[in-house]
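Peer 1: These are the residues of each chain, in order.
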Amino acid sequence: GAVVSQHPSWVICKSGTSVKIECRSLDFQATTMFWYRQFPKQSLMLMATSNEGSKATYEQGVEKDKFLINHASLTLSTLTVTSAHPEDSSFYICSARRLAVEIDTQYFGPGTRLTVL
Amino acid sequence: AQSVSQHNHHVILSEAASLELGCNYSYGGTVNLFWYVQYPGQHLQLLLKYFSGDPLVKGIKGFEAEFIKSKFSFNLRKPSVQWSDTAEYFCAPMRSYIPTFGRGTSLIVHP
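As they're listed, the protein sequences go chains A and B. Be aware that the first sequence starts at 5, since it is given in this note's numbering, and climbs by one per residue. Be aware that the second sequence starts at 28, since it is given in this note's numbering, and climbs by one per residue.
For reference, chain A alone in the conformation it holds in the complex (with noise of 0.2 Å):
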């Protein structure tokens, strides 16, 4: 159990469009994900708390109007990478909370590698 997924996998844009990853708990309800960015050889940086039903939380120095969250169920939270350019490539992962069981315990997707040329 506790399985997250994220589509798609890998993607390549083009610099100026949008790109939108989401991220799904398959086997459980999540009120809490969380979106974070992995740079090469580095760890991961959280860049927002997905909250369902409400807005989500960005940590400081994320660009909230670039990197556009919505939670809108309980098993669905997307993060749009609008206006994509070269420095945002990296790769993003997402992670999940279970709702009312092991809430401080996160399952983690499998990550979507954005490459913007």
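None of these hints come from the bench; they were simulated from the model. A few of these clues could be false.
Unchecked claim - Over 12 Å on every C-beta distance to chain B, these chain A residues come out as not near it, computed from the model:
1. K24
2. Q46
3. S77
4. D92
5. I97
6. S99
7. Y111
8. T119
As the list claims (entries may be wrong) - Distance ranges between label pairs, derived from CB positions:
9. A:T84 x B:E47: 37 to 45 Å
10. B:S123 x A:K70: 24 to 32 Å
11. B:T57 x A:L72: 26 to 34 Å
12. B:H137 x A:P44: 17 to 25 Å
13. A:K70 x B:Q69: 45 to 53 Å
14. A:S77 x B:I125: 28 to 36 Å
15. A:V7 x B:G89: 20 to 28 Å
16. B:S123 x A:G57: 15 to 23 Å
17. B:S97 x A:D69: 27 to 35 Å
18. B:S79 x A:A76: 14 to 22 Å
What the hints assert, rightly or not - Some chain A residues flagged as far from chain B (calculated, every beta-carbon gap over 12 Å):
19. V15
20. I16
21. S19
22. L80
For glycine and all other residues, C-beta sits at the position ideal for the given N, C-alpha and C.
Once you have looked at the hints, place chain B on chain A.
Peer 2: Relative to the frame of chain A, chain B by itself:
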């Protein structure tokens, strides 16, 4: 601000060697502690966690970690590593439901 320090960035061992990866965090108060592992080409998986109680925590695949409150440490150990333990290891203290990930330690185990 919270910070996490993983002292060993790259570790290379031979099979059957013992492993200890250091992790220190900078803040006091109630904190939950996690170690995650990322095998090559796979996503992050929970290795073990500490919430309260016995400070020596046992996880999957023979790993264990010891919480030493006075030292703000949560070091990961395994008495005898295997080739299949080759992976990236991340320490992640969590406070107020928000985790902070360490830089990670790349472990390579030679057969």
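Peer 1: None of the hints should be skipped; say for each whether it holds.
Peer 2: Right, here's what the structure says about each hint:
1. In this structure A:K24 is separated from chain B by more than 12 Å, as the shortest Cβ-Cβ distance comes to about 20 Å.
2. Distance to chain B contradicts A:Q46 as a non-interface residue, since its nearest Cβ pair spans about 7 Å, not more than 12 Å.
3. The beta carbon of A:S77 is kept farther than 12 Å from every beta carbon of chain B, the shortest such distance being approximately 20 Å.
4. No beta-carbon of chain B comes within 12 Å of the beta-carbon of A:D92; the shortest separation is about 20 Å.
5. Here A:I97 does not stay apart from chain B, with its beta-carbon only about 7 Å from theirs, under the 12 Å limit.
6. The non-interface label for A:S99 is inconsistent with chain B: the shortest C-beta to C-beta separation is roughly 8 Å, within 12 Å.
7. At roughly 8 Å, the least C-beta separation between A:Y111 and chain B is not larger than 12 Å, which violates its mark as non-interface.
8. Residue placement check: A:T119 keeps its beta carbon more than 12 Å from all beta carbons of chain B (closest about 17 Å).
9. For A:T84 paired with B:E47, a C-beta distance near 42 Å keeps the hint of 37 to 45 Å intact.
10. For the pair B:S123 and A:K70, the beta carbons lie near 26 Å from each other, so the given range of 24 to 32 Å is met.
11. A hinted range of 26 to 34 Å for the beta carbons of B:T57 and A:L72 is consistent with their spacing of about 33 Å.
12. Taking the beta carbon of each, B:H137 and A:P44 are about 23 Å apart, inside 17 to 25 Å as hinted.
13. Separated by about 29 Å at the C-beta atoms, A:K70 and B:Q69 break the suggested range of 45 to 53 Å.
14. Between A:S77 and B:I125 the beta carbon distance is about 22 Å. The supplied range of 28 to 36 Å is therefore violated.
15. A hinted range of 20 to 28 Å for the beta carbons of A:V7 and B:G89 is consistent with their spacing of about 24 Å.
16. At about 20 Å, the beta-carbon gap between B:S123 and A:G57 stays in the expected band of 15 to 23 Å.
17. In this structure the hint that B:S97 and A:D69 lie 27 to 35 Å apart at CB is violated, the actual value being about 44 Å.
18. A beta carbon spacing of about 35 Å between B:S79 and A:A76 contradicts the range 14 to 22 Å that was offered as a hint.
19. With a cut of 12 Å on Cβ distances, A:V15 stays outside the contact zone with chain B, its closest approach being about 17 Å.
20. Chain B leaves A:I16 outside its interface by the beta-carbon criterion, the shortest separation being 19 Å against a cut-off of 12 Å.
21. A cut-off of 12 Å between C-beta atoms confirms that A:S19 is not in contact with chain B; the least separation is 28 Å.
22. A cut-off of 12 Å between C-beta atoms confirms that A:L80 is not in contact with chain B; the least separation is 18 Å.
The structure fails to meet hints 2, 5, 6, 7, 13, 14, 17 and 18 from the earlier list, while all remaining hints are met.
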